[in-house]
Amino acid sequence: MKVVVPVKQVANLDDEFELDDDGTGVDPDSVEWELNEWDTFSVEAALQLAEAGDGTEVVVVSVGDEEADEGLLACLAKGADRAVRIWDDGLEGADALAVARVLAAAVERESPDLVLCGVQSSDAVAGATGVALAAHLGLPRVAVVNKLDYDAASSTATVERELEGGLVEVLRVRCPALLTIQTGINEPRYATLRAIKQARDKPLEVVELAALALDGAAVAQAAGARTRALRHHEKGEGAEMIDGSAADVAGRIAEIVKERMSG
Amino acid sequence: MSGVLVIAETRRGELRDVSLELVTAAMDVNDPAGGRLTVAVIDGSPEAHAQALGANGVDEVVTVTSPVEHFEAHVAQRAVEALIDELDPTLIVCGHTIDALGFGPAVAAARGLGFASDVTRIAWDGGPIASRGAYGDKLQAELDFPGRERVLLLVRAGAFEPASGGGGASVRALDVDLGDAVRTEHVDFVEVGAGDVDITKADFLLSIGRGIEDKDNIPQFEELADKMGATLSVSRPIVDAGWMSNARQVGQSGKTVKPKVYLALGISGAVQHLAGMQKADTIIAVNTDPEAPIFTVAHYGAVTDLFEVADELEQHF
Chain F
1 MKVVVPVKQV ANLDDEFELD DDGTGVDPDS VEWELNEWDT FSVEAALQLA EAGDGTEVVV
61 VSVGDEEADE GLLACLAKGA DRAVRIWDDG LEGADALAVA RVLAAAVERE SPDLVLCGVQ
121 SSDAVAGATG VALAAHLGLP RVAVVNKLDY DAASSTATVE RELEGGLVEV LRVRCPALLT
181 IQTGINEPRY ATLRAIKQAR DKPLEVVELA ALALDGAAVA QAAGARTRAL RHHEKGEGAE
241 MIDGSAADVA GRIAEIVKER MSG
Chain S
1001 MSGVLVIAET RRGELRDVSL ELVTAAMDVN DPAGGRLTVA VIDGSPEAHA QALGANGVDE
1061 VVTVTSPVEH FEAHVAQRAV EALIDELDPT LIVCGHTIDA LGFGPAVAAA RGLGFASDVT
1121 RIAWDGGPIA SRGAYGDKLQ AELDFPGRER VLLLVRAGAF EPASGGGGAS VRALDVDLGD
1181 AVRTEHVDFV EVGAGDVDIT KADFLLSIGR GIEDKDNIPQ FEELADKMGA TLSVSRPIVD
1241 AGWMSNARQV GQSGKTVKPK VYLALGISGA VQHLAGMQKA DTIIAVNTDP EAPIFTVAHY
1301 GAVTDLFEVA DELEQHF
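Protein chains in written order, with the numbering used here: chain F, 1 to 263; chain S, 1001 to 1317.
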């Protein structure tokens, strides 16, 4: 069995950050990169399947520049077998649909039995890449899975789909299939320092678009939207920031609470 | 090509609130989009919802009968694609909901549509312009869709007021061959998160999030909540980590709350969390990150260490 797990290195803005000159992005110097939190759960789900079944291969795939290697190495350190990174400078700023198109070409080469994506990334919060990928691959999919039981004998996954307001739906899907994985489905493991060192000996293949029979134009064609402006949120109407020491802040909060609760 | 197509949502035989909110979102841009607003409902028994969807401003309600009783993402995808073929809309509006996340991006990818999710505002400038969060909702992005004749947007639940009923929309059934679209098998619905406490009934919620850092710190906040006369609630990471039960979770997948006072300590305010608490009368947020999205909905905010504030708060109650 083969499980492919698309992962993403996400941008985490520093407390102080600057918009770039044309106002459609942020200054790269004010960004720290880390593995998407949702992907730590999808990777863990894949590793648990691998541990439960003989000969299961776990392949992590990422669309990103060299920054993405760190996240892929973390996945290899945790136990993934191989990593694939796809990059072309034209992919800078690619949206969920463009990334899904690229991932589709890469995942197709692998013919996986199961594709596990995070539900969303913590920076773009589109929640779209996995399901768009499934559409390109022609795979059945289930979005927002918070429980997964895979039956190898019948190649069937019984999953729970987390709905709003404390309701879940239990459903079954025949594999190959794609699932988007919700946080809390498992407890992601940490890699040991020794494993992190050893991960550098595992295969990390860097693939160019041309090798996937794609070019920048095809990817641009797949993009769903363009950011034409970025701005700071308007703070809530009547919002009041409480300054001063912790004692001052607590005093004011206590005042507000007592006033509102007595009213 | 013209007009707006709204995809309504149902669950377990009930129309979901988001459906009429989407109608409002669509009405904002219906005129420049061509002036014809259609609401479609895809369900095992769609006729049951047709009248309720005929809100003011809706021209036509189109029903599509699903071969299965409950929502099925692949059926929804096939049905929406058939509706696009039939109605030729400029703009398609769906909810940014768990169900629509299962088919919306697939339709957009399969049909090469302009696309954005978690949209909170739709404007028009030669075509639709969508506003949504960026960089974990720390910033607001304005998106356009160059080269796209047709755009599909997933609109955040709660971002628009529901449209009022009583319109005179006509109703028509569209026959779509959906028999072989089904690719998952519904087994059951299960209610989770029932517990000994009902946070939706509390007037005062002290809510804690990732900022409390460690399970061992929870008793401190339980005691503080007791002292303050508050009910303790939590954001998702606390439940994911197994530190508190789902019964206390505020947010899209947890409970929607409307207390008099919502005091949020160490909650940055993920979109899904805001959806569950932004209707509280008074929101007070304490967080070390001045760009935390929770400050966009808070009435009072303080950028400081929550533990120091918590220690000081004890003295006042």
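One or more of the hints may lead you astray.
Listed next, the in silico DSS-like pairs over lysine-lysine satisfying Cα-Cα at most 25 Å (straight line) [to be verified]:
| no. | chain 1 | residue 1 | chain 2 | residue 2 |
| --- | --- | --- | --- | --- |
| 1 | S | 1227 | F | 147 |
| 2 | S | 1215 | F | 258 |
| 3 | S | 1227 | S | 1255 |
Derived DEER-like restraints, expressed as beta-carbon distance ranges [claimed, not checked]:
| no. | chain 1 | residue 1 | chain 2 | residue 2 | range |
| --- | --- | --- | --- | --- | --- |
| 4 | S | 1051 | F | 15 | 14 to 22 Å |
| 5 | S | 1168 | F | 189 | 55 to 63 Å |
| 6 | S | 1173 | F | 15 | 49 to 57 Å |
| 7 | F | 18 | S | 1052 | 46 to 54 Å |
| 8 | F | 19 | S | 1305 | 27 to 35 Å |
| 9 | F | 108 | S | 1125 | 52 to 60 Å |
| 10 | F | 258 | S | 1086 | 38 to 46 Å |
| 11 | F | 28 | S | 1051 | 49 to 57 Å |
| 12 | F | 229 | S | 1052 | 52 to 60 Å |
| 13 | S | 1223 | F | 192 | 33 to 41 Å |
In silico contact screen, one side only, chain S against chain F (beta carbon under 8 Å); selected entries [what the hints assert, rightly or not]:
| no. | residue |
| --- | --- |
| 14 | 1109 |
| 15 | 1124 |
| 16 | 1145 |
| 17 | 1149 |
| 18 | 1189 |
Calculated from the structure, these hints are not laboratory results. This one's a predicted model, so the numbers in the text were calculated from it and none came from an experiment. Just so you know, even glycine gets a beta-carbon here, dropped at the ideal spot from N, CA and C.
Here is what the structure says about each hint:
1. 1227/S to 147/F: violated, 37 Å
2. 1215/S to 258/F: Violated: residue 1215/S and residue 258/F sit about 29 Å apart, past 25 Å.
3. 1227/S to 1255/S: holds, 24 Å
4. 1051/S to 15/F: 14 to 22 Å: For residue 15/F against residue 1051/S, whose Cβ atoms are near 52 Å apart, the range 14 to 22 Å is violated.
5. 1168/S to 189/F: 55 to 63 Å: holds, 59 Å
6. 1173/S to 15/F: 49 to 57 Å: holds, 55 Å
7. 18/F to 1052/S: 46 to 54 Å: holds, 49 Å
8. 19/F to 1305/S: 27 to 35 Å: holds, 28 Å
9. 108/F to 1125/S: 52 to 60 Å: violated, 37 Å
10. 258/F to 1086/S: 38 to 46 Å: Given about 59 Å between the Cβ atoms, the range is violated.
11. 28/F to 1051/S: 49 to 57 Å: Holds: the Cβ-Cβ distance is about 54 Å, inside 49 to 57 Å.
12. 229/F to 1052/S: 52 to 60 Å: violated, 37 Å
13. 1223/S to 192/F: 33 to 41 Å: Holds, since residue 1223/S and residue 192/F (Cβ atoms, about 37 Å apart) stay within the stated range.
14. 1109: holds, 4 Å
15. 1124: violated, 14 Å
16. 1145: Given a least distance of 6 Å, the restraint on residue 1145/S holds.
17. 1149: Result: violated, 13 Å to nearest chain F Cβ.
18. 1189: holds, 6 Å
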